[in-house]
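Turn these sequences into a full structure, and let the hints steer you where they fit.
2 protein chains.
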Amino acid sequence: MKKKVELNYDQRGLIPAVIQDARTKQVLMLGWMNGQALELTRNSGQVHFWSRSRSELWRKGSTSGNSFTLVEMTVDCDGDALLLQVDPAGPACHTGHDTCFFRKIGNNEIDGVKLL
Amino acid sequence: MKKKVELNYDQRGLIPAVIQDARTKQVLMLGWMNGQALELTRNSGQVHFWSRSRSELWRKGSTSGNSFTLVEMTVDCDGDALLLQVDPAGPACHTGHDTCFFRKIGNNEIDGVKLL
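Protein chains in written order, with numbering that gives the first Met the number 0: chain U, 0 to 115; chain Z, 0 to 115.
Rather than coming from a laboratory, the hints here were simulated on the basis of the structure.
Where a beta carbon is used, it is the ideal one built from N, C-alpha and C, also for glycine.
Take every hint as true, because none was put in to throw you off.
Derived DSS-like pairs (lysine-lysine); straight-line CA-CA distance at most 30 Å: (1) U:K103 <-> Z:K24; (2) Z:K103 <-> Z:K24; (3) Z:K24 <-> U:K24.
A few chain Z positions that, by computed beta-carbon distances, are all more than 10 Å from chain U: (4) N65; (5) T68; (6) D86.
This is the structure:
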């Protein structure tokens, strides 16, 4: 019998979800899920998140149309992070970029870093 | 003049860092960094994290030898997540798997999920 996977939510009841394009393997964004977002995602096949700023559930693409269709979900060794392979309907980022990770960090380009 | 990137650390002073194999594009793990871990990573070229369980800085591979050499770093649109492209010296996971995300989640395989 297959062992069940235990998820370790944080103190807020959230778990981070790395979103990767199943085809190109580009990492698109990092979102946060609670149990409801996870259940909705698994039941509908459309990725849902918990918005920490708005304190509400949202389906990715509900306003932009740029939804994520779930292809595969994995959990890490200690059960406190998810990796979702998705099929994106359009650019993942609200800025219009394919990925939210479009800003490369070079030397001397980060503010707010605590010095040693 | 290039605009500086502002990082938004969480209330604990941490930011999540998605680690991706620069060559294979496999997502290897999700780690947490504070300002010191980030500075050490940028200065040494070897990825450092903040361990939330041990409350200490650690260099990936310091005991296992399976270090990550930094290839490129990007930050997401709202500055609260990092993506590090790395060259891994060996299997990323302490279990010996190439990636910490080696457990696929199917139907009815997650415990601890809050039902709707």
